[in-house]
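Line by line, the protein sequences give chains A and B. One rule links them: number in this note's numbering = place in the first sequence (from 1) + 44. One rule links them: number in this note's numbering = place in the second sequence (from 1) + 34.
Worth flagging that the hints you see were computed from the coordinates, not collected in a lab. Yeah, the Cβ is synthetic: ideal placement off N, Cα and C, and Gly gets one too.
Just so you have them, the derived chain A footprint on chain B, three or more residues with Cβ under 8 Å:
no.: 1; segment: 65-73
no.: 2; segment: 76-84
no.: 3; segment: 123-129
no.: 4; segment: 133-146
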Amino acid sequence: GQSLEQPSEVTAVEGAIVQINCTYQTSGFYGLSWYQQHDGGAPTFLSYNALDGLEETGRFSSFLSRSDSYGYLLLQELQMKDSASYFCAGSGSARQLTFGSGTQLTVLP
Amino acid sequence: EAGVTQFPSHSVIEKGQTVTLRCDPISGHDNLYWYRRVMGKEIKFLLHFVKESKQDESGMPNNRFLAERTGGTYSTLKVQPAELEDSGVYFCASSSGIGEAFFGQGTRLTVV
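From just these sequences and the hints, can you work out the full model?
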């Protein structure tokens, strides 16, 4: 099975940079994904790391270190609309996604 | 391209009644997942289909929950009889492989 841990809350101001960490314990780990969820709606895919290193997609970047069982999501140039819940999710050998408990990001003006 | 669709969007039922949730995945996606989020807590895995076969149903809470995927297309999740603790948002997701999954808008189930 898998378990993932991430902070419950993060607060930052507009224009700042914030990093949301995720540590995992898993067997048969394939990769780490990140999802964004606004107001309890459908989680939307942000990024996926199968290999160690940094993946950049616009203002969002995601990092994975398999040796440390650790990853993070980096959000740059924060905007008010980035206020949401962010979930890391591990992909296992059975292809299911196991989610962390989510981090509520609040962006202040 | 149509995304993952779920029906109904909301359901309010009495304890002891039966409810059936439906999910239509993205066409061509072999993998279909059911998840549940209860009281704003983490998103919990329920089960995973590959085509019409149950790959993993380890997350199903008890035998009051029954999931099917007819012909490897749409899926239904039946709760019979419903209990108060079954209230929550049920999400369906589909994917073609590992990594990116596409979620439906969810069904908000309220058992009173």
